[in-house]
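Chemist: Now for the letters of each chain:
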Amino acid sequence: MLSNRIAALILLCWPVGAQTPAPAAPAPSPAPAPAPAYVGSETCQPCHEDIYNAFQKSPHKLVDTQKRRGWEGKACESCHGPGGKHAESADKAAIVNPAHLPPAEADRDCLKCHLNQPTHIGRIQSSHAKNEVACTACHSIHRNGPNGLVPRRAAAVNELCASCHTAVWAEFQRPYKHRLPEGAMSCVDCHNPHGSILPASAQSYAANEPGCFRCHGNLRGPFTFEHAPVRLEGCGSCHEPHGSANPRMLARAEVRYLCLECHANLPTAPGPIKNPPALGGVPPAFHDLLSPQFRNCTVCHMKVHGSYVNQDLLR
Amino acid sequence: MRLGLALFVTIPLLAQQAAQQTAPPTAPSTAPAAADASSTSPTPSTEPWITGTVDFGFRFTSVGGDNDVYRSVVNLGQGPRLLGLDLTIVDPKKRLFDRLDVRANNWGGDPYNTLHVNASKRGIYDFNFDYRDIAYFSLLPSFADPLLGTGIVLDQDSYFSRRRMSDFQLDLFPGHRIIPYLAYGRDSGEGTGITTFESDVNQYPVADHMFDKTDNYRGGVRLEFNRFHATLEQGGTTLRDDQQAYDSTVNYGNNYQQQYFGQTLDLTNLMQAYGIRGDSIYSKVLFTANPFSWIDVSGQFLYSRPETNVNYTQFDTGNLVLQQSILFYTAEQALGFAAGKQPHTTGSLGFELRPLKRVRVLQTWMTDRMHTSAAGQFTDMILQPVSAATTTLTPLTSLLVLNYNQEQTDVLLEVTHKLTLHGGYRYVWGDAETGNMLIAGPGQESSELRQQVGIAGFNFRATQKLTANVDFEDASSSHAYFLTSLYNYQKMRARARYQLVSTLALQASFSLLNNQNPAAGSNYDFLSRQNSLSATWTPSKRVSIVGEYTRSTLRSNIGYLEPEFLSPVTSLYRDNAHNASALVDLVLPGYAKLTPRLAFGGSLFISSGSRPTTFYQPLVRLSLPLHKGVVWKSEYRYYGYDEAFYQYEGFRAHLLQTGLAISR
Numbered sequence: 001m002l003s004n005r006i007a008a009l010i011l012l013c014w015p016v017g018a019q020t021p022a023p024a025a026p027a028p029s030p031a032p033a034p035a036p037a038y039v040g041s042e043t044c045q046p047c048h049e050d051i052y053n054a055f056q057k058s059p060h061k062l063v064d065t066q067k068r069r070g071w072e073g074k075a076c077e078s079c080h081g082p083g084g085k086h087a088e089s090a091d092k093a094a095i096v097n098p099a100h101l102p103p104a105e106a107d108r109d110c111l112k113c114h115l116n117q118p119t120h121i122g123r124i125q126s127s128h129a130k131n132e133v134a135c136t137a138c139h140s141i142h143r144n145g146p147n148g149l150v151p152r153r154a155a156a157v158n159e160l161c162a163s164c165h166t167a168v169w170a171e172f173q174r175p176y177k178h179r180l181p182e183g184a185m186s187c188v189d190c191h192n193p194h195g196s197i198l199p200a201s202a203q204s205y206a207a208n209e210p211g212c213f214r215c216h217g218n219l220r221g222p223f224t225f226e227h228a229p230v231r232l233e234g235c236g237s238c239h240e241p242h243g244s245a246n247p248r249m250l251a252r253a254e255v256r257y258l259c260l261e262c263h264a265n266l267p268t269a270p271g272p273i274k275n276p277p278a279l280g281g282v283p284p285a286f287h288d289l290l291s292p293q294f295r296n297c298t299v300c301h302m303k304v305h306g307s308y309v310n311q312d313l314l315r
Numbered sequence: 001m002r003l004g005l006a007l008f009v010t011i012p013l014l015a016q017q018a019a020q021q022t023a024p025p026t027a028p029s030t031a032p033a034a035a036d037a038s039s040t041s042p043t044p045s046t047e048p049w050i051t052g053t054v055d056f057g058f059r060f061t062s063v064g065g066d067n068d069v070y071r072s073v074v075n076l077g078q079g080p081r082l083l084g085l086d087l088t089i090v091d092p093k094k095r096l097f098d099r100l101d102v103r104a105n106n107w108g109g110d111p112y113n114t115l116h117v118n119a120s121k122r123g124i125y126d127f128n129f130d131y132r133d134i135a136y137f138s139l140l141p142s143f144a145d146p147l148l149g150t151g152i153v154l155d156q157d158s159y160f161s162r163r164r165m166s167d168f169q170l171d172l173f174p175g176h177r178i179i180p181y182l183a184y185g186r187d188s189g190e191g192t193g194i195t196t197f198e199s200d201v202n203q204y205p206v207a208d209h210m211f212d213k214t215d216n217y218r219g220g221v222r223l224e225f226n227r228f229h230a231t232l233e234q235g236g237t238t239l240r241d242d243q244q245a246y247d248s249t250v251n252y253g254n255n256y257q258q259q260y261f262g263q264t265l266d267l268t269n270l271m272q273a274y275g276i277r278g279d280s281i282y283s284k285v286l287f288t289a290n291p292f293s294w295i296d297v298s299g300q301f302l303y304s305r306p307e308t309n310v311n312y313t314q315f316d317t318g319n320l321v322l323q324q325s326i327l328f329y330t331a332e333q334a335l336g337f338a339a340g341k342q343p344h345t346t347g348s349l350g351f352e353l354r355p356l357k358r359v360r361v362l363q364t365w366m367t368d369r370m371h372t373s374a375a376g377q378f379t380d381m382i383l384q385p386v387s388a389a390t391t392t393l394t395p396l397t398s399l400l401v402l403n404y405n406q407e408q409t410d411v412l413l414e415v416t417h418k419l420t421l422h423g424g425y426r427y428v429w430g431d432a433e434t435g436n437m438l439i440a441g442p443g444q445e446s447s448e449l450r451q452q453v454g455i456a457g458f459n460f461r462a463t464q465k466l467t468a469n470v471d472f473e474d475a476s477s478s479h480a481y482f483l484t485s486l487y488n489y490q491k492m493r494a495r496a497r498y499q500l501v502s503t504l505a506l507q508a509s510f511s512l513l514n515n516q517n518p519a520a521g522s523n524y525d526f527l528s529r530q531n532s533l534s535a536t537w538t539p540s541k542r543v544s545i546v547g548e549y550t551r552s553t554l555r556s557n558i559g560y561l562e563p564e565f566l567s568p569v570t571s572l573y574r575d576n577a578h579n580a581s582a583l584v585d586l587v588l589p590g591y592a593k594l595t596p597r598l599a600f601g602g603s604l605f606i607s608s609g610s611r612p613t614t615f616y617q618p619l620v621r622l623s624l625p626l627h628k629g630v631v632w633k634s635e636y637r638y639y640g641y642d643e644a645f646y647q648y649e650g651f652r653a654h655l656l657q658t659g660l661a662i663s664r
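These protein sequence lines map, in sequence, to chains A and B.
Quick note on numbering: the first sequence equals residues 1 to 315 in the working numbering.
Quick note on numbering: the second sequence equals residues 1 to 664 in the working numbering.
These are calculated hints, taken from the structure and not from any lab test.
You may find that some hints are simply not true.
[Said to hold, decoys possible] Pairwise CB distance ranges (calculated):
| hint | chain 1 | residue 1 | chain 2 | residue 2 | range |
| --- | --- | --- | --- | --- | --- |
| 1 | A | 91 | B | 624 | 44 to 54 Å |
| 2 | B | 260 | A | 290 | 36 to 46 Å |
| 3 | A | 42 | B | 514 | 54 to 64 Å |
| 4 | B | 292 | A | 47 | 30 to 40 Å |
| 5 | B | 60 | A | 286 | 36 to 46 Å |
| 6 | B | 343 | A | 287 | 33 to 43 Å |
| 7 | A | 42 | B | 92 | 15 to 25 Å |
| 8 | B | 498 | A | 286 | 50 to 60 Å |
| 9 | A | 287 | B | 262 | 15 to 25 Å |
| 10 | B | 474 | A | 290 | 36 to 46 Å |
Note that the Cβ used here is the ideal one computed from N, Cα and C, for glycine as well.
Given only the sequences and the hints, what does the whole structure look like? Please build it.
Modeler: Pasting the structure below:
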C-alpha cells in the first residue's frame with residue numbers, strides 16, 4: 001500500500017516537477033537571452049565596504065577562493081545573483097536580496113552547498129524548516145563573529161534560542177533545571193536545530209540513542225531489568241528537562257504520584273497480557289501509603305532507571 | 001586577609017571583557033582597504049595577534065535558611081574566580097594554525113567549569129576540544145526522607161557528585177570533497193551519597209560511593225559532492241560503572257525503634273559492590289542528495305549494539321529477617337552476574353518534492369527497532385545462624401522489545417509571498433513487549449501503539465515588521481504504551497512578532513497541549529497552557545529594556561487504585577506559574593572617553609498548585625571602565641527560595657561579585 005502511494009505521488013509530481021524551472025545550480029547556468037552579467041565580488045566592495053571587509057574573515061570567503069564551487073571571485077553573486085545591473089544602477093530592485101525572499105527559497109541558496117554537513121541530515125524532518133525559520137535567522141552570512149557564523153558561546157546560543165522560545169526559557173528560571181542560565185550548557189547540547197530523528201529535535205548519542213546519555217552515561221545500560229518508559233518514551237516521561245518546581249526536575253510534586261499514575265493497579269484480564277490499559281499497570285502493590293516510608297517509591301526502588309540485578313529495581 | 005590576598009593576586013591579572021556590549025576590536029572599522037591583500041590574506045597584518053578578554057573576580061556569599069537546599073539549587077560558593085576568558089589568537093604566518101580560540105568560564109571552585117578550544121588551519125584541519133566539569137549536589141529531605149514526618153532525618157537518596165565531560169574532534173581537509181574526522185569523548189562521574197540497602201523487608205540508609213566512566217571513540221568520513229553528500233561513521237564506547245555501598249555502624253534505619261515479632265532489626269555491617277563493564281559499537285550512514293532541482297532526498301541508517309556485563313557482590317550482617325518465612329538471620333551473602341545486550345537499529349528516509357514553484361511536499365518514513373535481552377543468575381545465601389543456612393538461586397532473565405514506526409506527509413503551499421499554509425498527516429505505529437522471559441503470565445506484558453495525527457498551520461509574513469506562525473496537531477489513538485502517554489490530544493503553538501516602532505519590538509507566543517486517555521479507571525485528563533509576552537524597548541541610545549512575562553498553567557487528573565485496598569482515587573496535579581524577567585541597561589554619563597554602564601533586573605517565579613514555590617533572582621550589575629580596555633565589574637545577585645509546604649527548605653542568599661576585566 002505504501003509503495004503504491006509513493007508511486008502515485010511520484011507519478012503525480014514528476015511531469016509537473018520536470019517543467020519547474022530549476023533554481024540556481026551550483027555552477028553558473030547559461031541564461032537564455034543576454035547572459036546575466038557577473039561583475040565579481042570586488043565590484044561590490046566600494047559601496048558595501050563594511051560587509052566586504054567582514055566577509056574577508058568569514059568562512060564563506062572560501063566560496064571566493066575555491067574553484068570547485070564554481071564561484072571563484074564571485075562569492076557575493078553566489079547568493080545575490082548577477083550584480084551587473086545593480087552595479088550600474090545601484091537600484092535595490094536590480095539584485096536579489098535573500099533576506100527579502102520567502103525563507104524556503106532563501107534556504108535553498110544555502111543548501112546548494114550545505115546539502116549535508118554533519119548536522120543537516122535531519123532537515124527534512126526539522127520543525128524549523130517546516131515552520132520556515134530561515135537559516136539566516138540564526139546564522140550571519142557575511143560577518144564572522146568570534147566563533148564563526150553562529151554563536152558558539154553557550155550563553156550566546158541560549159540568548160539566540162530564547163529570543164523565539166521565550167516560554168521555554170521561562171522554564172529555566174525555575175529552581176530545578178539544567179544549568180543553562182549559568183552558561184554551563186546550551187540549548188544545542190540537547191537539541192539539534194537542524195532537525196533530528198528524535199522528537200523535539202533532540203540530539204542523539206552513539207548513533208541512535210537519546211542525547212541525554214552523552215552526559216548521563218551511567219544510565220545508558222543496557223540494564224538486566226529495564227524500566228520500560230525510559231526506552232519507550234524517554235527521560236521526558238518522568239522529568240521536565242527544561243525546569244521544574246519539583247526536585248530532580250520531576251513532572252510531579254511527589255514521587256509516588258509519578259509512579260502510581262502508570263502503576264495504577266487497574267484490573268486486567270488474567271494470563272499473558274495483551275494490550276493492557278498501560279504497560280506497568282499490574283501487578284498491584286500493597287504498600288500502605290499512609291506510612292511515610294512508602295511515600296517516596298525511589299527510596300526502596302532506587303534503581304528506577306533500570307537495575308542490573310533486581311527485577312523490582314530494588315538494587 | 002583571604003579577601004585581601006585574593007584581590008592582590010587577581011587584580012593585576014584581571015582583564016574583563018568590556019562587557020559584551022563592547023565589541024572586541026577584532027575588526028578595525030578603518031579596515032585596510034588593500035584589495036589585493038584581501039585576496040591573499042584575510043587577516044590584515046596590522047591586526048593584533050591576540051584579542052579577547054579575561055575576567056577575574058571575587059565572590060562573597062551569605063546564605064540564610066537551609067544551606068543544603070541552597071547547594072541543591074544554586075551552589076555558588078565564595079572565593080576568587082576566573083569568571084570568563086575569551087581569547088583569539090591569529091597567526092599571521094599561518095604556521096600551526098590560522099586561528100586559535102580559547103574560551104573558559106567559571107573556574108576556581110564554581111560548580112560548573114567549562115573550557116573550549118578551537119584551532120583551525122584553513123584547508124588543513126579544524127580541531128575542537130570541549131571540557132565541562134559540573135557538580136551535582138542533591139540533599140532535599142522533602143524529596144528523599146521517608147521518615148521525615150517522624151522527625152528522623154536520614155537524607156536518604158542524596159548525593160554529591162561531579163561529572164566531567166571531555167570531547168575532542170579533529171576534522172581533516174585533505175581535499176575538497178572528502179573530509180575524514182576523528183573524535184573521542186569521555187564522560188565520567190564520581191561522588192558520594194546516601195542510598196538504601198534493600199534486602200527483602202530490611203531497608204537501611206547507607207553510605208554510597210559512585211564512579212562511572214564512558215569512553216566514546218568514533219571516526220568517519222564526509223563526502224561532499226555537488227548534488228550528493230554522505231557521512232559514514234563508525235564508533236564504539238566502553239563503560240565502567242562501579243558503585244559501592246557500605247556501612248559498619250549499628251544502623252536501625254527505617255525500622256528505627258520498631259519491633260518485628262519482638263525483635264529489633266538492625267544492620268551492623270555491609271559491603272555491597274556493583275561492577276559493571278560495557279561496550280558498544282555503532283555505525284552511522286547519512287546521506288542527502290539533490291538529484292534534480294525539484295527534489296531533495298535524505299536518509300539515514302543507524303545501528304548500535306551496547307552490551308553490559310554485571311558482577312554484583314554483597315555481604316551483610318546484623319539482625320535481619322526474611323518476611324515470608326519470618327526467618328531471622330545474622331549474616332547473608334549475595335552474588336549476581338548477568339550479561340545484557342541491546343541491538344538497536346534505526347532507519348529513516350525522506351524527500352522534499354517541489355512539484356510547483358509554490359508547493360513543497362515533504363514525506364518521511366522512520367523505523368526504530370530495539371531489542372534488549374539479558375540473562376544471568378543471582379545467588380542469595382543465608383550464612384548464619386547455621387541452622388537457618390539456605391541458598392536461593394534466582395535466574396536473571398528479561399527482555400524489552402520496541403518496534404516503532406512513523407510515516408509523515410507535509411504539504412506546504414506558498415499562497416503568496418506573505419502566506420504559507422501547512423497541512424499534513426502522521427501515522428505512528430509500533431509494539432512493545434517487556435517482562436521476564438521465563439514467566440509467561442503476569443510478569444510479561446505487550447502493548448501496541450497506534451496513533452493518527454492531523455497537522456495544520458500557517459506562516460504569515462505581513463511585513464518585515466509583522467510575522468505570525470501557527471502550528472496545530474490533532475491526534476487520535478487506539479493504543480498507547482502508558483496511561484500518561486499522548487493519546488487523544490490537541491497540540492497548538494502560535495507565535496507573533498511585531499516591530500511596533502523602530503525602538504519597540506513585541507513578541508507573543510501561546511502553546512497548548514490537551515491530552516485525554518479514556519481508559520477505564522484512569523480517565524486521564526491533562527491540559528497545559530503557556531502564554532508568553534516579551535518586549536524589547538530602546539527608547540534612547542542610553543537606555544534599553546528587555547522584559548518577558550510567561551503565564552503557565554497545568555492541570556492533570558488521572559485515576560488509579562490506591563495500593564493497599566485497591567480503592568479508586570484520583571491523582572491531581574496542578575502547577576500554575578507566573579514567570580517574569582527583565583533587564584534594564586543604562587549607559588551612564590561618561591568620563592575621559594570611558595562609558596560606565598548600569599544594569600538591573602532579574603527574574604521571578606511564583607507558582608501555586610501542588611508544590612507552591614517562589615524563586616526570586618534579582619540582580620544589579622555595574623561596569624566602570626578604569627582605563628581603555630580595563631573595566632571594574634561588580635554584580636549583586638539575590639536568590640530567594642520558598643516552598644509553602646516545606647518551609648524549612650527555604651533559603652535566602654546574597655552574592656556579591658567584583659573584579660576586573662581586561663580586554664584587548
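Chemist: With reference to the structure, classify each hint as holding or not holding.
Modeler: Tested hints:
1. Look at residue 91 of chain A against residue 624 of chain B: about 48 Å separates their beta carbons, and that is inside 44 to 54 Å.
2. Taking 36 to 46 Å as the suggested C-beta distance range, the pair residue 260 of chain B and residue 290 of chain A does not conform, at roughly 19 Å.
3. Checked against the given bound of 54 to 64 Å, the beta carbons of residue 42 of chain A and residue 514 of chain B, roughly 58 Å apart, stay inside it.
4. For residue 292 of chain B and residue 47 of chain A, the Cβ-Cβ distance of about 37 Å falls inside the hinted range of 30 to 40 Å, so the restraint holds.
5. For residue 60 of chain B and residue 286 of chain A, the Cβ-Cβ distance of about 53 Å falls outside the hinted range of 36 to 46 Å, so the restraint is violated.
6. The supplied range of 33 to 43 Å is met by residue 343 of chain B and residue 287 of chain A, whose beta-carbon atoms lie about 36 Å from each other.
7. Our hint of 15 to 25 Å for residue 42 of chain A and residue 92 of chain B holds, since their Cβ atoms are close to 22 Å apart.
8. At roughly 59 Å, the beta carbons of residue 498 of chain B and residue 286 of chain A sit within the given window of 50 to 60 Å.
9. Residue 287 of chain A and residue 262 of chain B have their C-beta atoms about 24 Å apart, which keeps the hinted 15 to 25 Å range intact.
10. The hinted range of 36 to 46 Å is satisfied by residue 474 of chain B and residue 290 of chain A, whose Cβ atoms lie roughly 42 Å apart.
When each numbered hint is compared with the structure, violations occur for hints 2, 5.
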